[in-house]
Every structure is written in C-alpha cells, then in structure tokens.
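**Student:** Sequence:
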Amino acid sequence: MKELQHLNKYFLKYKYSLLFGVIITISAIIFKLFTPRLIGKAIDVISKGLDGTYTKEVYSKELMLNILYLIGAALIAGALTFLMRQTIINVSRYIEYDLKNEIYQQYQRLSQNFYKSNRTGDLMNRITEDVSRVRMYAGPAIMYSLNMITLFVVAFFYMYNQSPKLTLYTIIPLPILSFLIYFLSKEIHKRSTIVQEYLSKLSTFTQESFSGISVIKAYGIEPITNDNFEALSTENRQKQIDLTKVQALFFPMMILLIGISNILVIYIGGKQYIDGEIESIGVIAEFIIYVNMLTWPVATLGWVTSIIQQAEASQKRINEFLKEEPDIKNTVSTPTKINGTIEFKDVHFTHSDTNIKALKGLSFKINSGDTLAIIGKTGSGKSTILDLIGRLYDVEKGVIEIDGNPIKDINLTSLRNSIGFVPQDAFLFSDSIKDNIKFGSVNATDDDVINAAKNAVVHKNIKAFSKGYDTVLGERGITLSGGQKQRVSIARAILKNPEILLLDDCLSAVDTETEEQILNNLNKVSKGKTTIIVSHRISSAKNANHIIVLDEGKITQQGSHDELINIDGFYKELYLKQLSETLDA
Numbered sequence: 001m002k003e004l005q006h007l008n009k010y011f012l013k014y015k016y017s018l019l020f021g022v023i024i025t026i027s028a029i030i031f032k033l034f035t036p037r038l039i040g041k042a043i044d045v046i047s048k049g050l051d052g053t054y055t056k057e058v059y060s061k062e063l064m065l066n067i068l069y070l071i072g073a074a075l076i077a078g079a080l081t082f083l084m085r086q087t088i089i090n091v092s093r094y095i096e097y098d099l100k101n102e103i104y105q106q107y108q109r110l111s112q113n114f115y116k117s118n119r120t121g122d123l124m125n126r127i128t129e130d131v132s133r134v135r136m137y138a139g140p141a142i143m144y145s146l147n148m149i150t151l152f153v154v155a156f157f158y159m160y161n162q163s164p165k166l167t168l169y170t171i172i173p174l175p176i177l178s179f180l181i182y183f184l185s186k187e188i189h190k191r192s193t194i195v196q197e198y199l200s201k202l203s204t205f206t207q208e209s210f211s212g213i214s215v216i217k218a219y220g221i222e223p224i225t226n227d228n229f230e231a232l233s234t235e236n237r238q239k240q241i242d243l244t245k246v247q248a249l250f251f252p253m254m255i256l257l258i259g260i261s262n263i264l265v266i267y268i269g270g271k272q273y274i275d276g277e278i279e280s281i282g283v284i285a286e287f288i289i290y291v292n293m294l295t296w297p298v299a300t301l302g303w304v305t306s307i308i309q310q311a312e313a314s315q316k317r318i319n320e321f322l323k324e325e326p327d328i329k330n331t332v333s334t335p336t337k338i339n340g341t342i343e344f345k346d347v348h349f350t351h352s353d354t355n356i357k358a359l360k361g362l363s364f365k366i367n368s369g370d371t372l373a374i375i376g377k378t379g380s381g382k383s384t385i386l387d388l389i390g391r392l393y394d395v396e397k398g399v400i401e402i403d404g405n406p407i408k409d410i411n412l413t414s415l416r417n418s419i420g421f422v423p424q425d426a427f428l429f430s431d432s433i434k435d436n437i438k439f440g441s442v443n444a445t446d447d448d449v450i451n452a453a454k455n456a457v458v459h460k461n462i463k464a465f466s467k468g469y470d471t472v473l474g475e476r477g478i479t480l481s482g483g484q485k486q487r488v489s490i491a492r493a494i495l496k497n498p499e500i501l502l503l504d505d506c507l508s509a510v511d512t513e514t515e516e517q518i519l520n521n522l523n524k525v526s527k528g529k530t531t532i533i534v535s536h537r538i539s540s541a542k543n544a545n546h547i548i549v550l551d552e553g554k555i556t557q558q559g560s561h562d563e564l565i566n567i568d569g570f571y572k573e574l575y576l577k578q579l580s581e582t583l584d585a
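With the UniProt record's numbering, the residue at position 260 of the sequence shown is 260, and numbering never jumps.
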C-alpha cells in the first residue's frame, strides 16, 4: 500500500464527497439489514397464525405491516445505494482526471534524455492502462470495502444480539478466508506487475509498427512483423492466464466458505431451536439471510484485494516517472527580455545515450540581427548547436551566453518563446494545416497564416487541396510530401515572429528553385532577427553574415562566403562540387 499513498492528496481534495459517501453507505446498509429482521418477524407471524396464537385479523394485519415495512426499507436502501455509487464512483473519475493531468504535465517537464531512454508505447500505457487500474482502487475498491466493512459490523451487531453462540459458529470460516486472501494477494501482486510490464511491451511494439508501417510495407516484412507481434501477444496472453488462474481461486473459495456457514446456521440453529435456546424459527431464517447477504461482500473481498494489488503495481510504475527530475530546470522565475546575441565559449558536449562527443571546445559569437550559417559533414555537431541554444540539453563544459547572460540564468519559458525552430525532420500534428501553422501563435489571423505560407512558398500547394487550409493531416503529417512538410514547418516558425530563428537543414527536401524563393523571403522576414542556418547546401549559406565549418565538433574554417571560396578546404570543395552538379543539371 506504500505506493498508493501518492493518492492521499486526492482523497484529501475530495474528502467531503468521500465523507458523504461513507455516511450514505452506512445508512444504506442499515436499511438493507432491516430486511432479514422483517422477514424473520414475518415467519414468526406466519408460525403464530398457523398454531392459532394469532387470530386471522391480527395475523393479516401483522403480516401486511411487515410486508409494507419490508418494501419501504428496500426502496430506501435501493435509493441510498444508488446515491452511494454515484458519489464514490464520481470521485474516482475526478481522481483519474487529476492523475492523468499530473502525469501529462510531468511528461512535459521531463527533458529530452528521458524520451531517448523511454518508449512512447510504455509512456502511453502508464497514462492509460495503469491509471485505469488505479481508478478502480479509488472507486469500486473503496466503495465495496466500505460496503463490506459496514455490513459486517452492523450485521454482526444484529446477529450477536439474537444469538451469540450461533453468531460465533457462523463466522468461523472468516479467519480461514483472511489467511487464504493474504496468501493469494502476494501472488496476485507479483503477477500483476509482470502483466503490466508485458502490456507496455505490447503497446510499444504496436505503436512503433503503426508509426513505421510505410517502412514495413516498403521492405515487405509484414509476415516477420506479424510473427513478432504474435510471439509477444502469446507471451502476454500466458502472463494474463497465469494471473487469472490465481484470481479464479477466489470466487469458488468464497462460495464454499459461505456454503459451510449456511450449513452451520441450519445445523447449530436447528439444534438450539429444538433445545429451546432460540425462541422462534424466524431467527434461523434471519441468520440464513444474513449469511447470504454477506456472500457478495465476502466474494468481492477477493476481487477488491486483487484490484488493490493491481493498482499498487500500476501506481508503482506511475510513481517511477513522477519521481523523475528533469535534467533541464528553470531556475529563473521572472521573465527575461531576449534580444538575440548568442555566444559559445569553449563549449563541450557529449550525448549521454551514445557517449559521442558532439562538441569539443566550440567558441563563436553571433550578434543580434545577424545571420550565421553552419556547414559540415553529417555528425559534425551542427544540430547539437541548435539544441543547446534552445536549452534542450545543458553543456558539459564551457558556457553559452544569450545577450551576455549565461543561458542557465535566463528564464526558460522566455528563451523558448523567443525561438522559432524548424527541425530537419519536420513534425506535423494530425490536425488541420492552418492549426499546424498556428501552433506557435494560436491567436494569429487567417491572413497572417496565409502570409506565412506564402513566404514559405507552400500557399499554392495548400490551396490545391480540396479543403485548403482546413485539410486535416494524417499522423505526423503523412498527407504531405517531405518538401511540403518542411515548408509548413517553416511557415509555423515565420508566423511565430521570434527573436531567434533556427533552421536545421530544413530545405533539404525542396528543389533549388523553391529553395531560392524561400531564402529570399526569409531574408526579408528575418531582418532584425538572429538567424542560424544549418545546411549541407552552399546555396543556403552563402548570404549569411558569417559562416562556420564544423568537423567532429570543432570549427575548421570560418568567414564570409567570398572569403571561404578562396581558401582551400571543405567549404571550397563543397562549393565546387555543388556548382558542378548545378551546371550538369
């Protein structure tokens, strides 16, 4: 139960609703337990009517009163039970809502490294399947536990007043039941944890298969993928069956123990009635009804125990992520004004997941409003520079300054709000094209969206769709071509109108003519903005104020386009090679 203590704050939040639910539960049980007593009295009335103790008139009157009382008690108990379920189950839904929001907010707080080491399917499983199991504990488990405890306490009080000896014989099976539940609960907890882990594996495999379905089809590996899925599903099924086998022991065990209690009531109660220890036969009938009324609560005891064990296993998995601390922390609470001057001072950075040293003592400066182009081979550290400027990671050694201040001393929200970032692998959401462009500027007008699309040279493509800007894209923007996705992503950054514009090889999927148009438009819209262009093309870099050439995390060349093409080195070689390719085309 230690892991489930995390929910105590939510129970305190909804304490009044829960308290009301407890009061309603107790009231419902009290009225429900009128039934055995009234039936016992009715049997006594019938018995006295048959042996002549009551006259016909008295017999009819007493019997009718008992029937009316019975109907009234049943109606009130039914209404209170309905109200009890509405109150407590509603609280569990509120807790589910709060817990999902807490997990989602934590997911957003966590840094890039967290998502590199955890799979999407597992993250989704924890916020869906695991939270659902926890909700069962916060709702049905609590409700039935309250119901069971109240019923046992009140029923035991009524039964003991009628016949202490018969009551003690009736509850003999309960200690045995408690021992068996304790034994089975430990096994359920262990197997529930395994089941949840396999559910995460299955969710992860499925999510990755659906996301990469085009690759699977292109390589014709559907049969292999299907076999892998079937193997994983078989393992998952076996783990579920192993859990179910243990859970299946509960209900037969409950029914057996309740049956034994009934036999004891009839045998012991019958002997007591014959010996005169019990005054009326109605008491035996009353006890039999009490025992049978306890059948469902006792039966649910195993189910509730199973729910609690599964909820604890799920909450443990949830707590693992909730206890994670983000690598990147916002240490400045007040907003920071960003102008755009960026300086790297002896910056070193190593990717923790691969131990690859991406940057080795990198130093450069770009003044506010200038344009810097970064050229280099694949893996030279170009994209890492942009990630560090957006503070997706912190440097290992050295310092990055924005407007003369260390980047860690700048409000993280202000920093990221001032950046327009266009990644090489453009990510679009399954939403309309218009909303994808408005992603960073939700209050933008339709005219603003159109102007941004025109500057990104994608307006004509969008208008060609039957629904234009209202066209809803497939997952990850699969409806669009690679070049169209890049240009929509550029339009998104332009619309944001940021102080710093970061372009990570975002023109790699467009032709040279379109690239030239976009660059000309970017020169206009980026005036006064600090712009960094990462590219493999000289055509994208040639108009920058300053160009640096990276190789294995170090600057090997730097200067203007005119300076670099007159110096032997990587830049000149690349320029001549691309110039030759252009002439040949």
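FYI, nobody ran anything at the bench for these hints, they're computed from the structure.
Just to be clear, a hint being listed does not mean it is correct.
[Claimed, not checked] With a Cα cut of at most 16 Å, we get these calculated EDC-like pairs of lysine to aspartate or glutamate: (1) K572 - D562; (2) K360 - E552; (3) K316 - E197; (4) K9 - D122; (5) K201 - E96; (6) K365 - E401; (7) K239 - E279; (8) K496 - D562.
[Unchecked claim] Have a look at the derived ranges for each label pair, beta carbon to beta carbon: (9) G474 - T128: 28 to 36 Å; (10) Y219 - D403: 48 to 56 Å; (11) G528 - K554: 54 to 62 Å; (12) I221 - K15: 50 to 58 Å.
All C-beta atoms in this analysis are idealised placements derived from N, C-alpha and C, irrespective of residue type, glycine included.
**Student:** Out of the numbered hints, which ones does the structure contradict?
**Tutor:** 4, 5, 7, 8, 9 and 11
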